[in-house]
Amino acid sequence: MSGKPKLYYFDGRGKMESIRWLLAAAGVEFEEEFLETREQYEKLLQGGSLLFQQVPMVEIDGMRMVQTRAILSYIAAKYNLYGKDLKERALIDMYVGGTDDLMGFILMFPFLSAADKEKQCAFIVQKATSRYFPVYEKVLKDHGQDFLVGNSFSWADVHLLEAILMVEEKKSDVLSGFPQLQAFKARISSIPTIKKFLEPGSQRKPVPDDKYVETVRRVLRMYYDLKAN
Amino acid sequence: MSGKPRLTYLNGRGRMEPVRWLLAAAGVEFEEVYLETKEQYDKLIKDGFLLFQQVPLVEIDGMKMVQTRAILSYIAGKYNLYGKDLKERALIDMYVEGIADLMQMILMFPFSPPDAKEKNLDSIKERATNRYFPVFEKVLKQHGQDFLVGNKFSWADVQLMEAILAVEEKVPAVLSGFPQLQVFKTKMSNMPTIKKFLQPGSPRKPPPDAHYVETVLKVFKK
Chain L
1 MSGKPKLYYF
11 DGRGKMESIR
21 WLLAAAGVEF
31 EEEFLETREQ
41 YEKLLQGGSL
51 LFQQVPMVEI
61 DGMRMVQTRA
71 ILSYIAAKYN
81 LYGKDLKERA
91 LIDMYVGGTD
101 DLMGFILMFP
111 FLSAADKEKQ
121 CAFIVQKATS
131 RYFPVYEKVL
141 KDHGQDFLVG
151 NSFSWADVHL
161 LEAILMVEEK
171 KSDVLSGFPQ
181 LQAFKARISS
191 IPTIKKFLEP
201 GSQRKPVPDD
211 KYVETVRRVL
221 RMYYDLKAN
Chain X
1 MSGKPRLTYL
11 NGRGRMEPVR
21 WLLAAAGVEF
31 EEVYLETKEQ
41 YDKLIKDGFL
51 LFQQVPLVEI
61 DGMKMVQTRA
71 ILSYIAGKYN
81 LYGKDLKERA
91 LIDMYVEGIA
101 DLMQMILMFP
111 FSPPDAKEKN
121 LDSIKERATN
131 RYFPVFEKVL
141 KQHGQDFLVG
151 NKFSWADVQL
161 MEAILAVEEK
171 VPAVLSGFPQ
181 LQVFKTKMSN
191 MPTIKKFLQP
201 GSPRKPPPDA
211 HYVETVLKVF
221 KK
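If you read the sequences in order, they're chains L and X.
The numbering of the first sequence is full-length UniProt numbering, which starts it at 1 and goes up by one.
The numbering of the second sequence is full-length UniProt numbering, which starts it at 1 and goes up by one.
Hints in this document: simulated from the structure, not taken from any laboratory.
Just so we're clear, the structure is a prediction, and the values are computed from it rather than from any experiment.
C-beta atoms are modelled at their ideal positions from N, C-alpha and C, and glycine is treated no differently.
Check the hints yourself; a few may be wrong.
[Unchecked claim] Sample of chain X residues with no beta-carbon within 12 Å of chain L, all distances over it, derived:
1. 37
2. 98
3. 205
[Unchecked claim] Cut-off 20 Å, straight-line C-alpha distance, at most; resulting in silico cross-link-like pairs (SDA-like, lysine to any residue):
4. L/4 <-> X/87
5. X/117 <-> L/225
6. X/78 <-> L/77
7. L/227 <-> X/116
8. L/84 <-> X/116
Using the sequences provided together with the hints, build the complete structure.
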C-alpha cells in the first residue's frame with residue numbers, strides 16, 4: 001500500500017468532490033478508484049468495505065471511512081484546517097453546514113429533467129444570493145481578515161470557494177453584489193495548493209454530464225426519479 | 001441570562017430532538033422557546049438570530065448556534081462524549097452520520113402524502129433491519145463492550161438509542177433479530193441521565209402528530 005489516501009467513487013464530482021478539494025488544499029496526494037460497473041460495486045459490498053453499503057469511501061490511516069461529513073472532519077482535523085479550539089470548530093461547522101446545504105441543491109441537478117433543471121437553477125441562484133452568500137460576505141466584512149475563521153486558513157474557506165465556483169458555473173456573474181467574496185475568491189484561488197488543484201490535469205472533476213448520470217444510475221440502480229426543490 | 005443553553009424550535013421532535021437527547025444524556029439542563037406562529041419566526045430572522053434563516057437555534061456559551069450537526073458536535077466535544085482521539089472521533093462521526101440518514105427518513109415521514117406513507121414505512125423498516133441495525137449489532141458483538149466506541153459512553157450511543165426507540169415506535173418488533181441491540185437498549189435505558197429523560201415530564205417530545213405537522217407548515221409557510 002502506498003500510504004496515500006485512496007478514494008472510491010464514480011469518475012465525477014458528486015459527494016466525493018468536497019473531499020478531493022480538502023485533500024488537495026491540504027497538499028495531500030491521493031489515489032482514486034472509479035466505479036464504472038455494477039459488478040465493481042457489488043464486489044465492494046460483498047467484501048464488506050462499505051459500512052452502510054454506500055460510497056464515498058476513503059481508505060485512510062488504516063480505516064475504511066464512509067459518510068462524507070465524517071471523512072471531511074477527519075481530514076480537516078488531521079491537517080490542522082479545523083480551527084484552534086472548540087469555538088472555532090463550532091464556527092467552521094456552522095459555515096460548512098451552510099455551504100453543504102447550498103451544494104446539496106447543486107448535487108441533484110444533473111439528475112433532473114430539463115424542465116426541472118431550469119426551475120432548480122433559479123432556486124440555486126436565489127438561495128445563494130439571498131441566504132448563503134450574504135452571510136459569508138458579512139463575516140468577511142465584519143472582521144476584515146483574509147479567512148473566514150480565526151485569521152487562519154481552514155476547511156470553511158475551502159468549502160466556500162468550492163461552493164462559489166459551482167454556483168458561478170450556473171450563473172457566471174452571481175458574485176456581482178458581493179465584493180468581499182470576489183476578493184476572497186481571488187485570494188483563496190491563489191493559495192499554491194488550491195491554484196494547483198484549479199489547473200488542468202489535476203484531480204478536480206468537471207461539471208457532471210449525461211454519461212456521469214447514466215453511470216451512477218446504472219451502478220447504484222437509484223436516482224431515476226428526482227424532483228426539483 | 002440563566003447560563004443554561006436555550007433551544008429555539010417548534011414544540012416537537014423534528015431536527016431538535018437529537019440535541020435534547022444529547023444535552024439530557026450529558027446531564028445538562030436547558031431552556032426551550034417554542035415557535036408557534038409565523039410572526040415569531042419572521043421576527044427571529046429580522047432580529048438576526050438565525051444565521052441561515054433556519055432553526056434549530058441553540059444559544060450556548062455566548063454563541064447563537066445553528067446547523068444541527070454543528071450544534072451536536074459542539075455539545076459532544078464540550079461534554080467529553082466525542083472519544084479520546086481523532087480516530088475515535090472518526091468512528092463516532094461515521095456512526096452518527098449513518099444513524100442521521102435513518103432518522104432523516106423518520107423525520108420526513110409525517111410530511112409524506114397519505115398514499116406514500118405505507119411505502120415510506122416499509123423503507124424505514126427495510127433500511128433499519130438491513131442497513132443500519134446490522135452494523136451496530138456487529139460492532140457490539142465484535143468488541144463485546146457496553147458502548148459503541150472506545151469502551152466509553154459517547155454521542156454515538158445516545159444517537160443509536162434515540163434511533164432504536166424512534167424505529168420501534170413505527171416497527172414494534174424491529175429488534176427481534178438483534179440480541180446485542182436489545183441488551184444495549186436496556187443498558188442505555190438504565191443510565192441515570194437517560195433514565196430521567198425517558199420519564200414523563202422530561203423535555204423529551206412525543207411522536208409528531210397532525211397538530212405538529214400543521215404548525216410546521218404554518219410557521220415555515222413562504
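Results for each hint:
no.	hint	in the structure
1	37	22 Å, holds
2	98	5 Å, violated
3	205	23 Å, holds
4	L/4 <-> X/87	17 Å, holds
5	X/117 <-> L/225	18 Å, holds
6	X/78 <-> L/77	16 Å, holds
7	L/227 <-> X/116	15 Å, holds
8	L/84 <-> X/116	47 Å, violated
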